[in-house]
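Residue strings, one per chain:
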Amino acid sequence: MERFQYTRARTIPEAIGIGAQATTAQQGAPVRFLAGGTTLVDLMKLNVEHPTRLVDINHLALNAIEHMPDGGLRIGALVRNAALAHDATVMKDYRVLSEALLSGASAQLRNVATTGGNLLQRTRCMYFRNTAMACNKREPGSGCSAIAGDNRSLAILGTSPQCIATNPSDMNVALAALDATVQVQGSKGERTIPFRDFHLLPGDTPHRETVLEPGDLVTHVTLAAPRAGATSRYLKLRDRASYEFALASAAVIVEVSGGRFGNVSIAMGGIGTKPWRMTAAEQALAGAPVDEATIVRAAKLALADAKPQSENGFKVELAQRCLAHALRLATGMAAS
Amino acid sequence: MRLTINGVPRDVPAGDHETLLAVIRERLQLTGTKEGCARGECGACTVLIDGRAAYSCLTLAAGCADSAVTTIEGLGRADALHPLQQAFIEQDALQCGFCTPGQLLAAAALIARTPRPSEDDVRVALSGNLCRCGTYPKLVRAVMQAAEMMRAEP
Ligand SMILES: Cc1cc2nc3c(=O)[nH]c(=O)nc-3n(C[C@H](O)[C@H](O)[C@H](O)COP(=O)(O)OP(=O)(O)OC[C@H]3O[C@@H](n4cnc5c(N)ncnc54)[C@H](O)[C@@H]3O)c2cc1C
Ligand code: SF4
Ligand code: FES
Ligand code: FES
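Chains as they are written, first to last, in our numbering: chain A, 1 to 336; chain B, 1 to 154.
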């Protein structure tokens with residue numbers, strides 16, 4: 001690992017002040033905030049990230065899960081993934097989030113990984129992680145090794161000729177379905193970012209993954225009050241049953257009354273360059289009868305725009321089946 | 001930097017860039033903690049940080065200054081084995097032993113939180129620890145036995 005200056009931040013303004021000295025908060029940022037370190041230390045060891053300053057934010061008071069007056073939940077950026085997944089309110093009212101978190105990584109990683117760090121975890125594209133290979137995300141303009149290479153696990157939605165990497169987070173998929181908001185404090189004050197605007201498509205600038213600017217500290221993720229009577233589930237499909245990233249995953253929140261779907265929210269992971277909302281499928285389900293034909297039709301519609309790469313054509317049907325089954329689970333058409 | 005390892009505060013001449021794993025093994029010569037993958041994918045480097053299982057290969061030692069770290073050397077003694085260690089021997093839950101320190105600490109964290117685990121609880125708790133010798137069924141049996149032994153202790 002390259003040498004860096006380590007500072008333990010005591011206050012939020014201190015952390016922001018150091019962060020704001022950098023020229024970018026994206027790939028190659030010379031200042032990084034250290035939370036659980038399970039993404040950052042890994043990438044520093046691989047020399048994919050080489051910040052000269054590390055600001056340890058673990059001692060900032062951002063560790064609480066707070067109930068808001070409007071019935072929502074405000075989650076501090078330093079709340080650990082394990083603590084959030086096992087929180088009584090999250091298990092009861094935001095089951096999709098608890099299930100998504102528990103499907104990710106391992107007990108050791110969930111004990112350490114934070115809400116803010118998970119939100120900002122980097123792609124697992126193997127060429128991104130290997131400095132010997134060309135990668136536009138790591139080194140803009142160097143080319144993309146994955147397009148003609150091993151892309152079995154990579155994206156089929158939101159890709160560009162510059163990058164086809166997936167956002168690997170399970171938590172992010174649940175937060176996308178829940179219409180979460182991200183609270184950020186920076187040198188120009190505080191702002192709230194809707195989840196769908198937080199992550200960027202790769203386009204011509206795959207090294208820019210979020211809207212964060214130098215000094216921006218994620219302080220909280222906020223969830224709206226749970227929808228009364230809604231059921232939510234997360235289903236993750238992968239090469240082995242644990243300790244593995246998703247090939248396809250689905251977060252669904254459904255309301256059902258009188259045998260028909262009410263409001264439905266769907267987001268999918270493992271297939272998109274960012275957490276992917278399935279708006280067309282949501283609209284097709286609203287008001288339609290809860291039956292097998294409706295569910296299968298919506299799942300097909302969800303993947304209508306998919307553009308498979310050379311080695312991941314299987315993901316289209318896998319994702320359709322994943323979404324269909326998540327809907328069956330949420331509506332009680334399938335058990336467990 | 002000052003670290004508290006197995007209950008003993010120690011001043012260690014380590015750099016800020018050193019992982020907890022490197023400091024434990026190379027500066028403190030506590031070689032029970034193993035380095036497998038060095039990137040969070042195997043569990044051989046598992047330690048307890050403030051009682052919670054974590055991978056020391058992805059943890060910076062500098063961040064642990066206010067924490068209590070437990071390594072396998074702190075779990076039991078040669079003349080007074082921890083019930084988990086006793087149960088691992090009785091159930092023959094290891095072959096080469098490389099993954100064993102990590103398995104034991106992951107299991108210890110589970111039993112501390114869930115004194116009466118189900119077999120599925122054990123499988124989930126140990127799923128962050130790979131065993132290339134494939135002792136998985138015996139690991140589950142050993143942890144179930146140890147949990148029972150620990151419940152029976154006065
Ligand atoms: C072997 C392995 C398997 C995994 N499997 C899965 C899986 O199946 N599913 C899954 O979802 N994830 C998985 N993960 C990823 C894991 O969930 C992430 O590494 C973790 O959530 C990152 O959180 P952290 O707190 O450790 O982040 P850090 O590594 O500390 O930070 C990550 C990035 O976010 C920045 N950052 C952190 N906090 C803030 C903040 N408050 N404000 C601004 N910037 C911030 C850091 O500067 C850094 O750039 C796996 C990881 C490993 C190593
Ligand atoms: S897919 Fe993206 S991250 Fe992977 S090699 Fe191509 S540019 Fe890099
Ligand atoms: S050496 Fe740390 S998880 Fe493999
Ligand atoms: S006993 Fe050999 S790796 Fe587990």
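Among the clues, some could well be false.
To spell it out: a stretch of chain A is covered by chain B in this simulated footprint if at least three of its residues, at any positions, have a beta carbon under 8 angstroms from a beta carbon of chain B; those stretches are [stated by the list, open to error]:
| id | stretch |
| --- | --- |
| 1 | 37–51 |
| 2 | 95–107 |
Away from chain B, derived, C-beta distances all over 12 angstroms, residues of chain A [what the hints assert, rightly or not]:
| id | residue |
| --- | --- |
| 3 | Ala22 |
| 4 | Ala82 |
| 5 | Ala83 |
| 6 | Ala113 |
| 7 | Gly141 |
| 8 | Ser242 |
| 9 | Val256 |
| 10 | Asp305 |
| 11 | Gln320 |
If you're looking for bench data, these hints aren't it; they were derived computationally from the structure. For glycine and all other residues, C-beta sits at the position ideal for the given N, C-alpha and C.
Outcome of the hint check:
1. Against chain B, the stretch 37–51 of chain A contributes 6 residues with a C-beta closer than 8 angstroms to a partner C-beta. That satisfies the three-residue criterion, and the hint holds.
2. Given a C-beta distance limit of less than 8 angstroms, the hint that chain B covers the stretch 95–107 of chain A holds, as 3 residues qualify and 3 suffice.
3. Chain B leaves Ala22/A outside its interface by the beta-carbon criterion, the shortest separation being 18 angstroms against a cut-off of 12 angstroms.
4. The non-interface label for Ala82/A is inconsistent with chain B: the shortest C-beta to C-beta separation is roughly 8 angstroms, within 12 angstroms.
5. Non-interface status of Ala83/A relative to chain B is broken: a Cβ of that chain comes within 12 angstroms, the nearest being about 10 angstroms off.
6. Listed as a non-interface residue, Ala113/A fails to keep its Cβ farther than 12 angstroms from every Cβ of chain B; the least gap is roughly 10 angstroms.
7. Distance to chain B confirms Gly141/A as a non-interface residue, since its nearest Cβ pair spans about 27 angstroms, more than 12 angstroms.
8. The beta carbon of Ser242/A is not kept farther than 12 angstroms from every beta carbon of chain B, the shortest such distance being approximately 4 angstroms.
9. With a least CB separation of 30 angstroms from chain B, Val256/A remains clear of the 12 angstroms interface cut-off, as annotated.
10. With a least CB separation of 33 angstroms from chain B, Asp305/A remains clear of the 12 angstroms interface cut-off, as annotated.
11. Every CB of chain B lies more than 12 angstroms from the CB of Gln320/A, the least distance being 28 angstroms, so the non-interface label holds.
Violated hints for the displayed structure, listed by number in ascending order: 4, 5, 6 and 8.
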